[in-house]
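Just so we're aligned: the sequence shown equals residues 2 to 321 in my numbering.
Treat the hints as calculated values from the structure; they're not laboratory data. Incorrect hints may have been included.
Claimed, not checked - Below, computed lysine-lysine pairings styled on DSS-like, alpha-carbon distance capped at 27 Å: (1) K129 x K297; (2) K237 x K135; (3) K58 x K99; (4) K297 x K120; (5) K101 x K58; (6) K129 x K25; (7) K135 x K19; (8) K58 x K135; (9) K120 x K231; (10) K120 x K135; (11) K19 x K231; (12) K304 x K135; (13) K25 x K99; (14) K25 x K297; (15) K58 x K25; (16) K237 x K304; (17) K19 x K58; (18) K237 x K101; (19) K58 x K129; (20) K129 x K19; (21) K135 x K297; (22) K297 x K99; (23) K231 x K58.
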Amino acid sequence: MPLREMLNIHYRIHTEDKLFLGDKEGYRQGDSIYFTISGENRETILLEQAALSYYLKENDLEMLAVPIPNAAGEWFTNFADNSWMVMQVQHLSKQNGKTKGIQLAELHQTGASFNYEPKSISSYGQWKELWIEKITAFEGRIESNAWETPSEYYRLLMDFLPYLIGISENAIQYLQESEREQRILQSDQGTTTFIRYDGNANQTIIWADQLMYDHPSRDIAEYIRSVFLKNDRHEKIIRFLNDYQTISPLSVFGWRLLYARLLFPIHIFDFIERGFDSPNETELQQMIEIQTDYQKQLRDFYKFSGVDTARWGIPVVNWL
């Protein structure tokens, strides 16, 4: 799609050169870089994400990619047989020097003051239902594909399926028990989160279309998950948690939600979803092997994080 032409015609923006941020193609004008995302069939979602991003911007959070209206004052532009939204990033080189834990805690603290709960992008209090839906949908599709297009990939996946369902149901049970936890703090209210936070370079910039509304433990868990999957040092997690809690301490309820989310194998569902389009038996075998290490790290999580489960009365999953 000729982005430069659309920016020129519909936004009155005359760009100077093309550049890439990761896999995202953008065009620069002065200190601003412009990117496009398809708005087709997700206008409501994008508008809610835009509202969150502008609230963060108004509260001095930096390095945001926020949507901008076109010259007619509209958020979506019909061009080249599609509906597009344009995002603007300003002052790309600006760095604040804060650690990931502090940055995330500050974002959550700011987002919690947003006085409107989005509908289309909120998962707050809905994990159980969403996880059950995911298990049901994936189980049905995996079994259907294995029957219709048998292969070594699907044979291996079918062998792995009972484990996947079993650990997922364990996570749901742990979550269900945790939802009765009464030891909560103000930090347990809903806030701005990411769809998938991992603290890597791709989230140096906060992209509006990656925002959600959820419990803050969502992002904390996803960061820890990314460290587990890389089999990185636990000191990295400890430092992240310590930094985060200097701004926003975790409640007992928050710790339990965090553990439940780590137990639920979202990373495997994400992998399988990609495999529906491009199945790779070797990569699936690697994911199964990685899960063994992941499970061992999760078994020790409360201990190396300094959570006294006996004193706090927090249950653990003993079979890990």
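Hints and how they fare:
Between K129 and K297 the alpha-carbon distance is near 24 Å, which keeps this suggested pair within the 27 Å criterion. This hinted pair does not check out: K237 and K135 have alpha carbons roughly 30 Å apart, beyond 27 Å. Pair hint K58 plus K99 holds up; C-alpha atoms about 17 Å apart against a cutoff of 27 Å. Using a Cα cut-off of 27 Å, the hinted pair K297 and K120 is violated, with the two alpha carbons roughly 37 Å apart.
In summary, the hint linking K101 to K58 is supported, as the alpha carbons are separated by about 18 Å, within the 27 Å threshold. Our distance criterion of 27 Å between C-alpha atoms is broken by K129 and K25, whose separation comes to about 33 Å. Pair hint K135 plus K19 does not hold up; C-alpha atoms about 39 Å apart against a cutoff of 27 Å. Restraint check: the Cα-Cα separation between K58 and K135 comes to about 33 Å, which exceeds 27 Å; the hinted pair is violated.
For the hint pairing K120 with K231, the CA-to-CA distance comes to about 34 Å; that exceeds 27 Å, so the pair is violated. Between K120 and K135 the alpha-carbon distance is near 19 Å, which keeps this suggested pair within the 27 Å criterion. For the suggested pair K19 and K231, the alpha carbons sit about 33 Å apart, so the restraint of at most 27 Å is broken. Pair hint K304 plus K135 does not hold up; C-alpha atoms about 30 Å apart against a cutoff of 27 Å.
Restraint check for K25 and K99: the C-alpha separation of about 25 Å stays at or below 27 Å, so the hint holds. The suggested pairing of K25 with K297 is violated, with an alpha-carbon distance near 36 Å, which exceeds 27 Å. Note on K58 and K25: the hinted pairing holds, with a Cα-Cα distance of about 21 Å set against a maximum of 27 Å. This hinted pair checks out: K237 and K304 have alpha carbons roughly 15 Å apart, not beyond 27 Å.
Between K19 and K58 the CA atoms are separated by roughly 25 Å; this keeps the pair inside 27 Å, and the hint holds. A distance of roughly 11 Å separates the Cα atoms of K237 and K101; the hinted pair therefore holds under the 27 Å criterion. The suggested pairing of K58 with K129 is violated, with an alpha-carbon distance near 32 Å, which exceeds 27 Å. A C-alpha spacing of about 44 Å is found between K129 and K19, which places the hinted pair above 27 Å, so the restraint is violated.
Restraint check for K135 and K297: satisfied, since their Cα atoms lie roughly 24 Å apart, inside the 27 Å limit. Between K297 and K99 the alpha-carbon distance is near 31 Å, which puts this suggested pair outside the 27 Å criterion. Simply put, K231 and K58 have alpha-carbon atoms about 32 Å apart, too far for the 27 Å limit, and the pair is violated.
Of the numbered hints stated above, those contradicted by the structure are hints 2, 4, 6, 7, 8, 9, 11, 12, 14, 19, 20, 22 and 23, listed in ascending order.
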